[in-house]
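**Q** Below are the chains, spelled out letter by letter.
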Amino acid sequence: MSAAPAIATPAPVSEARRSGLALVVLLIAPIALVNALGFLVPVLNLARMSFYEVEPTGAMREVYTLATWLTVFQDTFYAELILNSITVSLGITLLTLVCSYPIALYLHRSSGTWRTILLVLVISPLLTSAVVRTYGWIAILSESGLVNNALSAIGIAPLRLMFNKTGVVIGLTEILMPYMILALLAGFGRLDPRVEEAASTLGAPPFTIFRRIILPLTLPGIALGCLLCFVLAVSSFITPKLLGGGRVFLLATEIYDQAIVTLHWPLAATLSILVLVIFGGALVLYTRALRAIM
Amino acid sequence: MDERPVSLALKLMALTMFVFLLAPLIVVVPISFSGDSYMMFPPSSWSLKWYPAIFADGKMTSAFWTSLLLAFVVTVLSLLIGLPAAYALVRLKPRGSEAMSALFTAPLLLPTIVLGLAILIVFSRYGLLATFQGLVVAHLVVTLPYAIRVLATALATLPIPIEEAAATLGASPFTVFRRITLPMMKSGLIGTTALCFLVSFDEVVLSLFMTGPRISTLPVAMYHHVEQQADPLVASLSVLLVILTLLVVLVVDRTSGLAKTFVK
Numbered sequence: 001m002s003a004a005p006a007i008a009t010p011a012p013v014s015e016a017r018r019s020g021l022a023l024v025v026l027l028i029a030p031i032a033l034v035n036a037l038g039f040l041v042p043v044l045n046l047a048r049m050s051f052y053e054v055e056p057t058g059a060m061r062e063v064y065t066l067a068t069w070l071t072v073f074q075d076t077f078y079a080e081l082i083l084n085s086i087t088v089s090l091g092i093t094l095l096t097l098v099c100s101y102p103i104a105l106y107l108h109r110s111s112g113t114w115r116t117i118l119l120v121l122v123i124s125p126l127l128t129s130a131v132v133r134t135y136g137w138i139a140i141l142s143e144s145g146l147v148n149n150a151l152s153a154i155g156i157a158p159l160r161l162m163f164n165k166t167g168v169v170i171g172l173t174e175i176l177m178p179y180m181i182l183a184l185l186a187g188f189g190r191l192d193p194r195v196e197e198a199a200s201t202l203g204a205p206p207f208t209i210f211r212r213i214i215l216p217l218t219l220p221g222i223a224l225g226c227l228l229c230f231v232l233a234v235s236s237f238i239t240p241k242l243l244g245g246g247r248v249f250l251l252a253t254e255i256y257d258q259a260i261v262t263l264h265w266p267l268a269a270t271l272s273i274l275v276l277v278i279f280g281g282a283l284v285l286y287t288r289a290l291r292a293i294m
Numbered sequence: 001m002d003e004r005p006v007s008l009a010l011k012l013m014a015l016t017m018f019v020f021l022l023a024p025l026i027v028v029v030p031i032s033f034s035g036d037s038y039m040m041f042p043p044s045s046w047s048l049k050w051y052p053a054i055f056a057d058g059k060m061t062s063a064f065w066t067s068l069l070l071a072f073v074v075t076v077l078s079l080l081i082g083l084p085a086a087y088a089l090v091r092l093k094p095r096g097s098e099a100m101s102a103l104f105t106a107p108l109l110l111p112t113i114v115l116g117l118a119i120l121i122v123f124s125r126y127g128l129l130a131t132f133q134g135l136v137v138a139h140l141v142v143t144l145p146y147a148i149r150v151l152a153t154a155l156a157t158l159p160i161p162i163e164e165a166a167a168t169l170g171a172s173p174f175t176v177f178r179r180i181t182l183p184m185m186k187s188g189l190i191g192t193t194a195l196c197f198l199v200s201f202d203e204v205v206l207s208l209f210m211t212g213p214r215i216s217t218l219p220v221a222m223y224h225h226v227e228q229q230a231d232p233l234v235a236s237l238s239v240l241l242v243i244l245t246l247l248v249v250l251v252v253d254r255t256s257g258l259a260k261t262f263v264k
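So the sequences go chain by chain: A and B.
Note that full-length UniProt numbering numbers the first sequence so that position 107 is 107, with each residue one more than the last.
Note that full-length UniProt numbering numbers the second sequence so that position 9 is 9, with each residue one more than the last.
Treat each hint with caution, since some may be false.
Pulled a few chain A residues facing chain B out of the computed Cβ check, cut under 7 Å [what the hints assert, rightly or not]:
#1 31
#2 136
#3 201
Not everything, but these chain A residues come out facing chain B in the computed CB check (under 10 Å) [what the hints assert, rightly or not]:
#4 23
#5 43
#6 118
#7 145
#8 242
Far from chain B by the CB rule (all over 10 Å, computed), these chain A residues [claimed, not checked]:
#9 74
#10 76
#11 81
#12 94
#13 164
#14 187
#15 247
#16 289
What the hints contain is simulated information worked out from the structure, not anything from laboratory work.
The beta carbon of each residue, even a glycine, is placed where N, CA and C say it ideally should be.
Okay, chain A solo, but in the shape it has when bound:
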């Protein structure tokens, strides 16, 4: 009964408002509980954990110290790790953009059933586990894989394509492409074929049309796609771990190793917070870029 005013008419009575509030609390309580138990408390606890003291024996004590943070800032290994994560992720983002742009533009221009088929082809990798797709890349890039078998068939020495940065970059680029394509498509709204046609009629060669018309009009989509891919690249773990074979050091893989292998939770927590800081930085840059474009 209590929901009647809320559904049928706007509630003008204060009593109805109070009973409406009780209903809201009742309806929202379960999700609030899950959110608190699985998100709020863990994340706040993570921030606190980064200040916990770790004894030389590895035991953790609930004593607050800046030791872990100082280690991260003083040890050059972590400086390199952070820098490496950012540059590798930036490279992957750029490569993903270059690979995704033609597909997005083509999808934008196609229509009907053909467009639906192509969209399904873009979405289906997204619905396939990263483990499966990374496994596929192992089949292509490994020593006895597709590329190296083809190379040896034409008499070229095998290349080392896995267990190094090359493998991680190739694999992650492909893994992130669907996100980039969908983000680009979402941002292609302002792209009107009539403007291109007008430029073409006025004698602009295709590359000029691309550079002067298509590219500027699609910049918002590019910015969105790049933000999304950078953020996903920094935090991705499965692909770097499997294709990097423990030889490529990135923030995400280091967090996992410190948490599961070394059991140095304060360090893992500190590195996690650094990932969040990088996320924040990317978001700030994105907002600035968007303001500059629009």
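Starting from the known structure of chain A, arrange chain B on it as the hints suggest.
**A** Okay, now just chain B, sitting in the frame of chain A:
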């Protein structure tokens, strides 16, 4: 417009990139029929032995059943928890409903590696690690934001006058919800069900933090298998999983249009 020279170049580039995008999924198919005992491409001989090998692998079968049950429980709970919340936020619009929506969808903004670590640390204290209940809660943290989003969109686009008409004709609020609102939300509900199921069934990073020797999920078991040995087993398993996913997508697309859930 298609006559312009840029189109041919664009077509070729798009085709090349499509090949790149689908390559890892395509190579898995021939490898699944390999007769070799380790992974190589192309295989030196062919056989069907890796398909029965999946079912002979105790770890994989038990992980599969865990994943299936987990995805089922998580999906049902996501609907049971997400629907009332979406209704409250969209229809009853309490003060601060926007802030609450932001809070409830916030877990999606957090990288799963960070979320996984945060959950690991807290859950270890309550003995929830490597338990089914722990996995359920961890998965709910990521499926509920999707559920809220899709269900809120579905609710917001419903024509309210029909509900008002029913209420005017004497239907109780719950009857209105059950007989009018719920049936009209059908496609949103199907979309949520499919999305939550697939997200939970595929979730690997969170699960990696939450599983142990006692309990494992299929993606985690596959991850560990690939990490330790390169044989065609995972290829055969992948083919089965891709077929399963395609079936889900096909069924959902027939009933509600999953493509719309992803691309507005």
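**Q** Beyond 10 Å on every Cβ pair: is that true for residue 247 of chain A relative to chain B?
**A** About 14 Å separates residue 247 of chain A from the closest Cβ of chain B, which puts it past 10 Å; holds.
**Q** Hey, does the residue 43 of chain A contact hint survive, CB to chain B under 10 Å?
**A** Hint on residue 43 of chain A: holds, closest Cβ of chain B at ~5 Å, below 10 Å.
**Q** Residue 289 of chain A: least C-beta distance to chain B exceeds 10 Å?
**A** holds (19 Å)
**Q** Do the numbers back the hint for residue 23 of chain A, that is, is its least Cβ distance to chain B under 10 Å?
**A** Since chain B brings a Cβ to about 7 Å from residue 23 of chain A, closer than 10 Å, the hint holds.
**Q** Can the hint on residue 242 of chain A be confirmed by a CB-to-CB distance to chain B that is less than 10 Å?
**A** holds (6 Å)
**Q** Is the Cβ of residue 94 of chain A farther than 10 Å from every Cβ of chain B?
**A** holds (15 Å)
**Q** Is it the case that residue 187 of chain A keeps its Cβ farther than 10 Å from each residue Cβ in chain B?
**A** holds (13 Å)
**Q** Once the shortest beta carbon distance from residue 136 of chain A to chain B is found, is it less than 7 Å?
**A** holds (3 Å)
**Q** Given residue 145 of chain A as an interface hint, is its Cβ closer than 10 Å to any Cβ of chain B?
**A** holds (5 Å)
**Q** Mind checking the CB of residue 201 of chain A against every CB in chain B and telling me if the closest is under 7 Å?
**A** violated (11 Å)
**Q** Holds or violated: is the Cβ of residue 74 of chain A farther than 10 Å from all Cβ atoms of chain B?
**A** Given that every Cβ of chain B is farther than 10 Å from that of residue 74 of chain A, nearest at about 23 Å, it holds.
**Q** According to the definition I'm using, a residue is off the interface if its beta carbon is farther than 10 Å from all beta carbons of the partner; does residue 164 of chain A meet that for chain B?
**A** Answer for residue 164 of chain A: holds, closest chain B Cβ roughly 17 Å.
Hint compliance for this structure: hint 3 is the single one not met.
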